[in-house]
Amino acid sequence: MKKFVVFLIVFFLPSLCNAQDEVYLDNGLKVIFIEDNKSPIVTFQIWYKVGSRNEPLGKTGISHLLEHMMFKGTKNNPSKKFSNIIQKNGGIDNAFTTRDYTMYFQTLPSNKINLSIELEADRMRNLLLKKEDVESEKMVVMEERRLRYEDDPQSSLLEEVIATAIKFQPYRWPIIGWMSDISSITKEDLYEHYRKHYCPENSFIVISGDVKPKEVLPMLKENFGKIKPCNNKELLRQKFLQYELEQKGEKRVYLKKEAKLPYLLVAYHVPSFPQQDNYALEVLSVILSSGKSSRLYREIVYNQKLAVNVFADYYGLYLDPFLFFVGATAMPNVDIETLEKSIYSEIEKLKREPPTDREIQKAKNKIESSFIFSQDSNFSKGLYTGIFELHGDRRLINKYLEGIREVTKEDIKKVINKYFIDDNKTVGILIPVKKEGT
Amino acid sequence: MSFFSPIIYKSRDVFRFYFSVILTLFIFFFLSSYAYGLSIKNLSHPSGLNILFVERHNLPIVAINFLIKASPLNEDYEKAGVAYLTANMLREGTLNRTSAEIDESIEFIGASLEISVTRDYTTLSLSLLKKDLEQGFQVLADIIQRPSFPENEIKRKKELLKGMLKQKEEDPSYIVSKVFLKELFGNHSYGRATEGTIETLDRITRDDLVQFYIDYYLPNNSIMVVVGSIDETEISFLIDKYLKDWFKRTTTIVPKEKFIHQIYREIQSPEIKFIERDITQANIILGHRGISRDNPDYYDIVVMNYILGGGGFSSRLMKIIRDQMGLTYSIHSAFSANKYPAEFYIEVQTKHESADMVIREILRQMKKMVMENISEEEVEEAKAFLIGSFPRRFETIKKIADFLALVEFYQLGKDYIIKYPEYIKKVTQESVKSAAIKYLNPHNYIVVIAGKKDKINLSDIEKSEQLR
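Chains as they are written, first to last, in the numbering used here: chain A, 1 to 438; chain B, 1001 to 1468.
Derived from the structure by calculation, the hints contain no laboratory data.
For every residue, glycine included, the Cβ atom is placed at its ideal position computed from N, Cα and C.
Be aware that a few hints might be false.
Stated by the list, open to error - Footprint (simulated), chain B over chain A, 3 or more residues, beta carbon under 8 Å:
1. 222 to 233
2. 326 to 340
3. 371 to 382
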């Protein structure tokens, strides 16, 4: 048997970040530059601080629908050619909406950066929002909802579990929105949402890759600089955290749908960054389910052969507190109760006896190396930077990495005893139903 | 404006002390091509192992991509899954390490070791921090040279695979694709999932895996790509020290493919297949025979397909069926260009009520490509995208490692990176048009639909064409 020397990992993460700088335009729009000239390509990202958490009741999904509408032409450029212009210049573009933000991006040959700047500045203020385009795009989004949720039993259960676990806080509804809300959204609703949130002072830009800040700054000033701030006081109000009341007792939800295998999804209420417990929860999720040597995989999939897959999922960088998920797809002929009990038994084990030093070190090494690998891509570098900027300052990445490094056995023991209790959990179970003809 | 000055990370150089050892090396360079900031070196090794290498020091990381010319093309139909299972059993135990020890040693250093089996080849991809390179490489070398295929692990893996195959069936797009490929390719290996089927997995024995390993996991049947913060001395040292047992296995025999020659069944008319599912959308695949990667018209076909449905929001199918008609979230077309001719397909999902309209529009667009003029503007835009976006394909160290292995495997040429823009520039309006006429067939095709049959009314197609 070969014996490996256990390396003491010397942390060196912040030193790997590329040169960064930032500048504010007069209207409050912040621009962050991450310069890296290894390839002649550049990624432009514009982040709007609006996501599904900022939606009014009855209009869920409006942020995502607006994101789709952003590709449908402006007053100056009415053709729906945004993507076409980017593509014929050798670029790719897309956008996505999350609970907390909406991000638009293009990756282009570096000498074409002016296109991103001109087109994004134009659609920040001059969106066309034609009625017939709104109606047609609502149909597209409804097809997207059918594809991602209605016809995917595990995603359907996720929607049920979140809406059961959270009572009133906006993370309750899906980013894509409820079907009836999508169909009720009007052109006027979209315009209101657009003018309220798409403001220079409510967004920031990250330019990552082969960029010369001194060369593009005049372009940014010329195009974005002339957009007046919205001075919307309501925007400030939305920045406060919205706390859900403490859950007082286990909740259970069942979903019966055509599926091949039973599926379990358990959700626990947990805090987010920069709450101190966030770091230990992050390390715990890696210990539980990252890789084949993780606790849950080893025990549930490998040793007991109860599940096809098992996971712990915690994204600690939401603006508001959200959920820590643990889930598994049962093996054929394994009943879901047995699977559920075995997963709890793994969690209970951790309450009695904390993970070993080696397990904690392994989790930290994993987080470290994932971060370093992310620094190889312009898009990921921009993403990491933007997420912390959304929390107030891109430099918080250092605080975050520092927090991970300092996690101890005791911290993990503390969070597992504090959050992984019956009263704080919502359990969802997918029961496969067979319809005739299948 | 002030900028932070970048700090260059100095990696602990574990190799420095071995520098004197490498005098024994038998490696030499015969080619170095430089383009897009990539200097690609090709190292020849007496064992026949083909080694490609790119030095890149922007981060202290290394990616190693091992490509083995073994795939379902080399397995019997009755034992479908042998290639997949052999590859995936490599990390389930060696003469030196148990399955658990392999996972632990890779995961402790935050490395990733991925095994992937495609229609044409198998890859083992290791990516890790430079400081852990030697440790990670030892494990990689061990699983390549000394897999032990433990019976209990084979049994476990088969059970897990069967469960996974069952779960995949839950996904309507997986189902339509599975049925479509089976219809098109029959018993040829392109007509099935690389994992095999629940029935064939049961027939596979340990001996089958051992034999497959002996026949195909050979140095002279492999390509190794190394990219990252590493130099040739360090690579030579690792190869020399850790792969020497494997090099003894080099043979002069070129491994054979179990190739079924007649892979296409002739399609004489539109053929429609339904799969009843209790879902809210019709999941549709429509397609027919395609091309191989070495097709002489390859680049004309790429441009033609970009215009039809490969070019995202710039493609005709997306512009019309999504943007104008609002009937789908996503639609795309593709030619899977494999070692042997593969498939052309268009994939789309739409609510049941519009399935008929979408299929008719797809056929109309295919006919337009074949019958009508393709504008110069469309052709030039497609070419500009393909040339301009080419450098994105090797932005990261991992992407470079994957890309170079494929260039080598499909024999695209040592100067492929330099030549690619030329290949695209040569495409003309006329050559795109001929490609459409030659490779698109809007009359004879297969359509597979999953959904609720009673909600789908394909009256037009059913009336005019014969329904199977």
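TODO: Mind taking a look at whether chain B covers the segment 222 to 233 of chain A? Criterion is 3 or more residues with CB to CB distance under 8 Å.
DONE: n = 0 at 8 Å, threshold three: violated.
Coverage claim, chain B over the segment 371 to 382 of chain A, checked by counting residues with Cβ within 8 Å (three needed): holds (count 6)
So is the segment 326 to 340 of chain A in contact with chain B by the C-beta rule, three or more residues under 8 Å, or is the coverage claim wrong?
holds (count 3)
Going through the hint list in order, the structure does not satisfy hint 1, though it satisfies all others.
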